[in-house]
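K.L.:
Protein chains in written order, with the UniProt record's numbering: chain A, 1 to 585; chain B, 1 to 585.
Simulated from the structure, these hints should not be mistaken for laboratory data. For clarity, every value in this text was computed on a predicted model and none was experimentally measured. Please note: incorrect hints may appear among the correct ones.
All copies of an identical chain are treated as equivalent in the list; a pair is satisfied when it fits inside any one copy or across any two copies.
Stated by the list, open to error - Derived lysine to aspartate or glutamate pairs resembling DMTMM-like cross-links, with alpha carbons at most 25 Å apart:
(1) LYS417 / ASP434
(2) LYS123 / ASP2
(3) LYS455 / GLU426
(4) LYS205 / ASP2
(5) LYS417 / ASP233
Protein chains: 2
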Amino acid sequence: LDYQHVQVPFEITLWIMLASLAKIGFHLYNKLPSVVPESCLLIFVGLIMGGIIYGLNDRSPPVMDSDIFFLYLLPPIVLDAGYFMPSRPFFENIGTILLYAVVGTIWNVFGIGFSLYGICQVKAFRLQDVSLLHNLLFGSLIAAVDPVAVLAVFEEIHVNEKLHILVFGESLLNDAVTVVLYKLFRSFCEMPTIKSVDVFAGVGKFFVVGLGGVLVGLSFGFTAAFTTRFTKDIRVIEPLFVFLYSYLSYLTAEMFHLSGIVAIISCAMGMKRYVEANISLKSHTTVKYFMKMWSSVSDTLIFIFLGVSTIGENHEWNWPYICFTVIFCLVWRALGVLVLTFFVNRFHVNTITSKDQFIIAYGGLRGAICFSLVFLLPDFHRKKLFIAATTVVILFTVFIQGMTIRPLVDLLAVKRKRESAPTVGEQIHIRFLDHLLAGIEDISGHWGQYYWKDKLEYFNSKYLQKILLREYDQPKSSIVLLYEKLERKHAIELAQAGQLGHGPAHPSFLCSAFLCSSSDRTVIADQKLEDTLNPDVLDYMQEILARNLYRIRRTGPAYNRHTLPGDSEPTEQAKEILILRHKSL
Amino acid sequence: LDYQHVQVPFEITLWIMLASLAKIGFHLYNKLPSVVPESCLLIFVGLIMGGIIYGLNDRSPPVMDSDIFFLYLLPPIVLDAGYFMPSRPFFENIGTILLYAVVGTIWNVFGIGFSLYGICQVKAFRLQDVSLLHNLLFGSLIAAVDPVAVLAVFEEIHVNEKLHILVFGESLLNDAVTVVLYKLFRSFCEMPTIKSVDVFAGVGKFFVVGLGGVLVGLSFGFTAAFTTRFTKDIRVIEPLFVFLYSYLSYLTAEMFHLSGIVAIISCAMGMKRYVEANISLKSHTTVKYFMKMWSSVSDTLIFIFLGVSTIGENHEWNWPYICFTVIFCLVWRALGVLVLTFFVNRFHVNTITSKDQFIIAYGGLRGAICFSLVFLLPDFHRKKLFIAATTVVILFTVFIQGMTIRPLVDLLAVKRKRESAPTVGEQIHIRFLDHLLAGIEDISGHWGQYYWKDKLEYFNSKYLQKILLREYDQPKSSIVLLYEKLERKHAIELAQAGQLGHGPAHPSFLCSAFLCSSSDRTVIADQKLEDTLNPDVLDYMQEILARNLYRIRRTGPAYNRHTLPGDSEPTEQAKEILILRHKSL
Chain A
1 LDYQHVQVPF
11 EITLWIMLAS
21 LAKIGFHLYN
31 KLPSVVPESC
41 LLIFVGLIMG
51 GIIYGLNDRS
61 PPVMDSDIFF
71 LYLLPPIVLD
81 AGYFMPSRPF
91 FENIGTILLY
101 AVVGTIWNVF
111 GIGFSLYGIC
121 QVKAFRLQDV
131 SLLHNLLFGS
141 LIAAVDPVAV
151 LAVFEEIHVN
161 EKLHILVFGE
171 SLLNDAVTVV
181 LYKLFRSFCE
191 MPTIKSVDVF
201 AGVGKFFVVG
211 LGGVLVGLSF
221 GFTAAFTTRF
231 TKDIRVIEPL
241 FVFLYSYLSY
251 LTAEMFHLSG
261 IVAIISCAMG
271 MKRYVEANIS
281 LKSHTTVKYF
291 MKMWSSVSDT
301 LIFIFLGVST
311 IGENHEWNWP
321 YICFTVIFCL
331 VWRALGVLVL
341 TFFVNRFHVN
351 TITSKDQFII
361 AYGGLRGAIC
371 FSLVFLLPDF
381 HRKKLFIAAT
391 TVVILFTVFI
401 QGMTIRPLVD
411 LLAVKRKRES
421 APTVGEQIHI
431 RFLDHLLAGI
441 EDISGHWGQY
451 YWKDKLEYFN
461 SKYLQKILLR
471 EYDQPKSSIV
481 LLYEKLERKH
491 AIELAQAGQL
501 GHGPAHPSFL
511 CSAFLCSSSD
521 RTVIADQKLE
531 DTLNPDVLDY
541 MQEILARNLY
551 RIRRTGPAYN
561 RHTLPGDSEP
571 TEQAKEILIL
581 RHKSL
Chain B
1 LDYQHVQVPF
11 EITLWIMLAS
21 LAKIGFHLYN
31 KLPSVVPESC
41 LLIFVGLIMG
51 GIIYGLNDRS
61 PPVMDSDIFF
71 LYLLPPIVLD
81 AGYFMPSRPF
91 FENIGTILLY
101 AVVGTIWNVF
111 GIGFSLYGIC
121 QVKAFRLQDV
131 SLLHNLLFGS
141 LIAAVDPVAV
151 LAVFEEIHVN
161 EKLHILVFGE
171 SLLNDAVTVV
181 LYKLFRSFCE
191 MPTIKSVDVF
201 AGVGKFFVVG
211 LGGVLVGLSF
221 GFTAAFTTRF
231 TKDIRVIEPL
241 FVFLYSYLSY
251 LTAEMFHLSG
261 IVAIISCAMG
271 MKRYVEANIS
281 LKSHTTVKYF
291 MKMWSSVSDT
301 LIFIFLGVST
311 IGENHEWNWP
321 YICFTVIFCL
331 VWRALGVLVL
341 TFFVNRFHVN
351 TITSKDQFII
361 AYGGLRGAIC
371 FSLVFLLPDF
381 HRKKLFIAAT
391 TVVILFTVFI
401 QGMTIRPLVD
411 LLAVKRKRES
421 APTVGEQIHI
431 RFLDHLLAGI
441 EDISGHWGQY
451 YWKDKLEYFN
461 SKYLQKILLR
471 EYDQPKSSIV
481 LLYEKLERKH
491 AIELAQAGQL
501 GHGPAHPSFL
511 CSAFLCSSSD
521 RTVIADQKLE
531 DTLNPDVLDY
541 MQEILARNLY
551 RIRRTGPAYN
561 RHTLPGDSEP
571 TEQAKEILIL
581 RHKSL
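Next up, chain A with everything else stripped away, as it sits in the complex (with noise of 0.2 Å):
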């Protein structure tokens, strides 16, 4: 027996097959998961499993390494949630969600730090030796909503779009805030005396990690989508560029101490079209399905790992400050989120309403990346404390809220994510009031997100679909293309029910089809003049009918974070069928 030979490799097999078998199991039993949500239950097995290395070795069991946790397991999970994040929503609150990143993280991180430096006065609690810093250091890295956490939760109770994307979106932008406060409050503990400098080029910062994590991202994902224009030959590679262009982009930013998060998520957003448009059908499959994969086992490691470092004497049990922390946590959140949406509804007409601000102060979960954070503290006396009060307030937010939160959601009423996908009627409206919105801000002078986006459009068509595309045709109408999709999803649903081939065989079917679609009401016509028409015509307008014709048809695909989008679903095949011919065209 070798075991040393294959210990590394073996033992990452094994957690990683612990970690697919436990979620299999969640899933045997239904009941379970629409209960209590997956991150729990993953946790548990975690504790569990953290129970009998304790109780085998009798020490603590190993903690998960934050490097692991920044290097390895957070980035599937965030490009996963770049890649996958709907647009047209994180647009258009950009605005909104950058607020709460930005201004209610730094709220979040003073609030929480100076409170808790007022407990920390309180005689009777003994913590008088803990500075203001290093609560102000304790506040940034607690204050963070976590986005693992955040979608392990959110994406089970399916609420409304915009509700999640602020949430979600406010989850994946902090991270510039936190890293800099973070480092910034680290340095400063280090440091003899602090200057005003320090404090100024602290707030510069901000722009230069944030900003400059977009900047490595998006030139990342260009290179991608142009390195992608020349895989014709070899599809078997695309989807490994993918991949790497994506995690080269992480870990350039993190070498350049800029937030890897942000800059994963830009290169994912910057290459997503260009690259699908490149890439065959099936490395497209592949990248999507291998993406959710990964996100999925990621997620899982880090929650049981979670659990598993819980257990063990890293611990300084002091309550007070521990339970002060939970409730400063929940008190300044809600504050911020008040305040904020307060300024914000003044400026929108789609305003916030009050159930929703309840949803986003109470959806501010904690997770892994506190975790990671608190493990990396320089060694003083009272990290064991901050470790403490960091496990605890994780595990009141994915436990206690994470669980009471849809049931709150049903109680509340919360407006839900809509079952069903757009219609054609409803698409083509939307388009139609982007172009006239676009065309009434650009007369009125206002530089409003119509305006942006439109010339951020043109610049797109005219330049980059130029240089990142390999077969660049002139851009065809929305509408077109919608048309095309339906065509083929018609196809394909036809082919599936074994229905193939016999629908024109009955002219009755086809007419009465026809008279319901009012695109075209000339043939009307045509099939009362059939008698009069020779049977070659008549095969040849059949065919034409038989191929335009389609049927509308509502799909309801229920979203969820462990299913793709549309698997299994016509719609996916129907695009599928449509980038396929598209091609082939």
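Here the structure of chain A is known, so what remains is to put chain B in place on it, guided by the hints.
P.N.:
The following block gives chain B in isolation, referenced to the frame of chain A:
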């Protein structure tokens, strides 16, 4: 700048990126890969890289780590090879393959070892300090044909299936022999005296290592198939299990000093048919695609590293020894193939021609496995000589033999792989003959391959399928399945051609098509009765006909290592639709 922090993943990602970009580069110039095999080009890139590193640092570039090779780079390639192994030719020739792999490899090891020992006795060469045991040890690592090198070359030259499987199967299965002999001689080198018991124990080990590998592999494979029974609600992690269980089988086998290559191949071949039936279509696409991608990247990295590792000062250039090694490798392999084929041909009707024998002997390429094994040798004063000899043999076989084998195949007019897929008629006849031969073998009491195949199929449908498949149906006749497959293929072809739904509208086309199909002649009469039947009945008949008619089409999927079989071919889509329909029915 914090490079230290991200160094490991950053450098790994950059190496993979380099490998992928090199691959794209070759394929941009279409002429290059058609003359020089990709493996040569990659080694060349590696040599340049190694030269640059050597020039910049003024010390030998890092050598490919044997652990990295055996634990991370080799398994994906072998998994890919096992998963896509054409099982029919493999099992038809299993006897011949095993003879080449076991007896042939032993023949080569002892042949090369003893002849080199003879060379060492020549005083002029100053090699008298190399003992017989060391020569045999060297023989054991240099004798084995390398699956990675063989795959890289043979998949580009498209020789006939039997020839391909003979060389490739040998290169895979000789791993068990190589492992045993290598470890045996290595332990003998360290022993003061060798007892005859040790030699007999060594012989016994062959069976343990080989059969143990098969057992480990099959048990993991069946566990994988069993696990995928329960993934219906969580499709997204399905592909993971295929990779995890295969990798675990490899690691477990390595841990117990069994043959990891044999284990992973058994695992892949054992699980394939059950996993394919259990997992979703998209999961399966992802599995296939990722396997190809992964093996392609591993393969590329191996050849680049091989090039990089060649540069440096690890070599002792004793030219007589090196040249005689190359010569003996060629001579003993040629002799071995001649002698073994002589015996094989005596017991087979379908003999191996002398052209085939030449290609088998000439195709005995050495590769990265030898290279890794030679670096794993315990330190002794002539290790650098062995490294030099191994490097030269690998470069000689990959460059000279690899580049000349294609012209030789053309020159000798070796029978090529047939370009077209077998027609329906052929498939039916092959199956019919299988049943017939199984019956003949049963009656005559001869336990040949058809007898065993029949028994295995019975055992499979009686027990294994019930345990391992999620939705166990009474197995349909393979002809019915083939028919369904063709029907779906037709459907998807129609949908793709945009002719959906207007075929049956032409009664003339319908009838002429029908006249060609000989399955049911009664409907011709129906067509004459057209006037006497009411339209509903006619419609119903037309529907049945439309569903049941098909065109037989020949497709010519060209086989290439870096494309998925049937990539974007209608056959594949038809198969996918078949799987889809099979589940929905």
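K.L.:
Hints first: check each against the structure and report whether it holds.
P.N.:
Cross-check of the supplied hints:
Taking the closest pair of Cα atoms, LYS417 and ASP434 come within 25 Å of each other only inside a single copy of the chain (22 Å); across copies the shortest separation is 57 Å, beyond that limit. Taking the shortest alpha-carbon separations for LYS123 and ASP2, neither the intra-copy value of 57 Å nor the inter-copy value of 42 Å comes in at or below 25 Å. In the homo-oligomer, the alpha carbons of LYS455 and GLU426 lie at most 25 Å apart inside one protomer (24 Å), although the nearest pairing across protomers, at 60 Å, exceeds that limit. In this assembly of identical chains, the alpha carbons of LYS205 and ASP2 lie at most 25 Å apart only when taken from different copies (16 Å versus 51 Å within one copy).
Within a single copy, LYS417 and ASP233 get their C-alpha atoms only as close as 42 Å, which misses the 25 Å cut-off; across copies the closest is 22 Å, which meets it.
Consistency with the previously given hints fails for number 2 only.
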